[in-house]
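Dock chain H against chain L, hints included.
2 protein chains.
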Amino acid sequence: MDYQPRPDDVRFLLNAVLDAPARLAALAPFAEVDEALQSQVLEEAGRFVGEVVAPINRAGDETGCSFSNGEVTSPPGFREAYQAFVDGGWPALSAAPEDGGQGLPAVLEAVLYEWLAAANHGLTMAPGLLHGAYACLKHHGSDELKQRYLQKIATGEWLATMCLTEAHAGSDLGQVRTRAVPQADGSLRVSGSKIFISGGEHDLTPNIVHLVLCRLPDAPAGPKGLSLALVPRQLPDGKRNAVHCERIEEKMGLHGSPTCSMRFDDATGWLVGEPGRGLAAMFVMMNSARLHVALQGIGLLDAAWQKADAYAAERRQMRAPGPVPASRRGESADLIAEHPAVRRILDTQRAWIDGARTIAYRSALMLDVAAHDADPKARERAQRWCSLVTPVLKAACTHQAFHGASECLQVFGGHGYVREWGIEQIVRDSRVTMIYEGTNEIQAIDLLVRKVLPDGGAAMSAVLLELRDTLDASREADADVQRRLAQLRYLGTTVAMAAHADPALPYEVADDYLRSTMLAMLAWAWARIEAASPGDAEKARVAAAFRRWVLPEFEMRMGIVKKACETVALTHAAAPGSGVSN
Amino acid sequence: MDYQPRPDDVRFLLNAVLDAPARLAALAPFAEVDEALQSQVLEEAGRFVGEVVAPINRAGDETGCSFSNGEVTSPPGFREAYQAFVDGGWPALSAAPEDGGQGLPAVLEAVLYEWLAAANHGLTMAPGLLHGAYACLKHHGSDELKQRYLQKIATGEWLATMCLTEAHAGSDLGQVRTRAVPQADGSLRVSGSKIFISGGEHDLTPNIVHLVLCRLPDAPAGPKGLSLALVPRQLPDGKRNAVHCERIEEKMGLHGSPTCSMRFDDATGWLVGEPGRGLAAMFVMMNSARLHVALQGIGLLDAAWQKADAYAAERRQMRAPGPVPASRRGESADLIAEHPAVRRILDTQRAWIDGARTIAYRSALMLDVAAHDADPKARERAQRWCSLVTPVLKAACTHQAFHGASECLQVFGGHGYVREWGIEQIVRDSRVTMIYEGTNEIQAIDLLVRKVLPDGGAAMSAVLLELRDTLDASREADADVQRRLAQLRYLGTTVAMAAHADPALPYEVADDYLRSTMLAMLAWAWARIEAASPGDAEKARVAAAFRRWVLPEFEMRMGIVKKACETVALTHAAAPGSGVSN
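Same order as they appear, the protein sequences are chains L and H.
Yeah, the first sequence ends on 582 if you go by full-length UniProt numbering, and it's all consecutive.
Yeah, the second sequence ends on 582 if you go by full-length UniProt numbering, and it's all consecutive.
Possibly wrong hints are sitting among the right ones.
[Said to hold, decoys possible] Subject to a maximum C-alpha distance of 20 Å in a straight line, what follows is the list of computed EDC-like cross-link-like pairs (lysine to aspartate or glutamate):
#, chain 1, residue 1, chain 2, residue 2
1, L, 563, H, 476
2, L, 562, H, 553
3, L, 563, H, 466
4, H, 224, L, 334
5, H, 451, H, 466
6, H, 539, H, 478
7, H, 224, L, 566
I should point out that these hints are in silico values taken from the structure, not numbers from a laboratory.
Pulled out of the complex, with its shape left as it was, chain L reads as follows:
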């Protein structure tokens, strides 16, 4: 019952729905990356994930990481699997060839990481920050730092962390207190405590490269006073740096990944990027990192779905209503997959998985376009898509991972609540994705308050028009999606107007706005999937389940936002001297 990647499912979305091979071939670095090569990479990635990574997932949960005397021991099999991952060249899939990478498209790396998380979320955390650290260092590191660390990180020979959170500074990084004092030799002495550091200490690689958010002397308070330091566990001269793991957390799940409390005691480090520009240096990788968390969500949901689907195709309980199912054949009870309540769970989660994949893979393609398209306007459009769609994906896919995995657990009845089938582990593991890399509440505010409203909804409107233009209004399903996209464009304008009267309003409806956006995009994805698979009865059934059970939330969320805007308009019209015109 270990997770098995299904490359055909992904290929259908990439090739038939998203036209990825042609889009990639148009980008200079991928001129050679044709459909056959992409397919081969997917096959090999699927095999590696299924054969090497998935089988040790349970040990990661049950044995977990252990901590003793400042050292972390990984769960059984993790060291060997990680070494095989490095040997296979997987960490460096999209890193540049000159840095030791494979130079493959981000979209293939996205699929790989979705599958990795599905198979073994705990192990995936180890290399999960490599690409971000690589990008951060490549864009902002000095030549000396790059020369010393870039290739090691690109190849995964050394792992990396992001040390942001402190006990009193979680969502509010402006409160970070870790200090960094410049030395005569150009290095820094870094002191402070960080918590929730994934992979802060472990036995997978001989060195660990910490990227530490810190404050230089006399830096102003708040986020503008933050700088970024690179602090390795092992110094270039081979000595151990003053970086200590004080404990690892007891968590709800994700036991395969050590979540460390780190102490820096005048540890030696070096500045990455400009002083006071630490957040900017980290945010260069934000879209990619958040997209990867969304992909973790999709992967975990697919893993839960695979388990529930297999169980429902074996387990028989009671008679199903309606016509006699073909699978009955003299049995005294029907397959639970034939029972409407179970069918509904399986089909709606399938609808989420393939719909969200379509949008997430499109976002990964846009990362490739943004990085490599020769046309600056195309790069700008792609960047706009990534900026607006990434928070939507991060929040919606991780929310669905947890809630959908719980639905899949329900398919097992009491058997789902015990360890045996591994489904409850997915529920526990997935819960953290709603929190890390920016809580889902922060994603919603990022989307609406920071990105949609400042230009009155213009950029979001442009993104939705892009989607509209891919549809064929002569098809009924497409016309329905176009209508929803238009409603969503109008909604952005409505909120922008109401926000003039009540600046707190967008914070109150940010979640509903984000959900509306995701649901409209899922509707778009399913219209495209159906158009690309005529006569496919299973796809048609899942599409119908999507429209029947999932999509009605769109109207509900839109209604909540509209009503809030109307209430503001009424209140402010009633109060003399206030209102939109002020």
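Chain H in isolation, oriented as in the chain L frame:
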């Protein structure tokens, strides 16, 4: 941060909203149970739960139950706490005085068990089945069995189990295979294996009384061939019976309660009730048992809310939008309770808790009325309420326990995912309530297919009219609730008609129908709460949050059901020779 019952909150609902003291005083056995006595019981129960039961909750999770050589060791402190529970007379709160009970109303027992579950779900499982076993034995046991076991169970001196599930027979009890062979002395020899038996083995009491669903020789296949046997761990002669615990489950949560696999090897037992009427004998306690699971859900959600509310009133992160909060006072960040996303979580969960309490306490009152009212018509009406409302409460309150506790976890950010604050335990513990005592999918089918549709929605309509008649249409909020109740009555008729054309339809929309019902009842509860608390700003804020964020699901669910019915009507009108008229 242990759970603390708040008797004032409950008293407001019982006295001001539900008029419980007057209703109870009208029942003969409770003529002496006046408001002062009820209040005193609540105070003492609250103190006991807060002082004795809550502090050992974490040990229940972290140490858990252990199993060795067929014996179960309870977590630290559980034996002493259970003994104190028995010594205080709590297990027998609503049992008849002649059986060693206190003879108090079911509604007070309901509050006690809600608080117990909130404080320590694991420990609560131990006495959780006592009342059911007591009722079952009292109604169906022979005089000899009653004489031997009834008082021991009523007082909690011996604990009891329900042995229903087998590996292949979960929701489908008709597949139970455990055999019972009558002996010349009138006893039975019981053989078979049962799984998921809560408290099947433990060290809390010297004897354990198992009620075992089994099959007599030559019994027909299916549910009508099932009988019920009482099988004690210790036989009347003091010898150990052939009842063995083979293992306890590793579960997602609820580690304080041993979930046992039991083997009966020609164990000695006695028939309870008629042969072939085993399910009927167990179902006598169904409404009470399911209501108690709903109360567990409410309690767990309240426990999660208490933690999140306290954390949000201490933790400061970032600036809140809108007017400067009074709590700012020169701090560099605002309380997270001031942030709209956190406020929304806290207020919507509060709305669920107090709304669901109102409906659940009313149901417990109806249990008292059904048992004790002198007027047979009043008893019948109360029975009708319990039959229809219990599955709604069981499914909706347990669903909200898990999902709402997860929302409360989100308030803690990353701190919620680690053990420290105890919030993740509530998420894990609560998940099982959606499964046991009939999965929530089974509850929805029980409601719509077995209870609402057979009389074309008439009984449900009568229940909704009862609610309507408590409202004052001249109040705008009440009129709005009346409109929803009317829509819901009409919906029952619509589904009943569509079900003639497509018998599978009710199974497909059962969940949406149940949710619609719960949301309309919550709207009723909040209209009553508001009417009973004029000028209470906090209640008004929570009521507004309910209408703004929770209630819109009512229209969404109604819309899903209506659309499904319309689709059936269209399909069958289009197909010649089929349709409603056939």
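Indices of hints not satisfied (ascending):
Going through the list in order, the structure violates hints 3 and 7 and respects the others.
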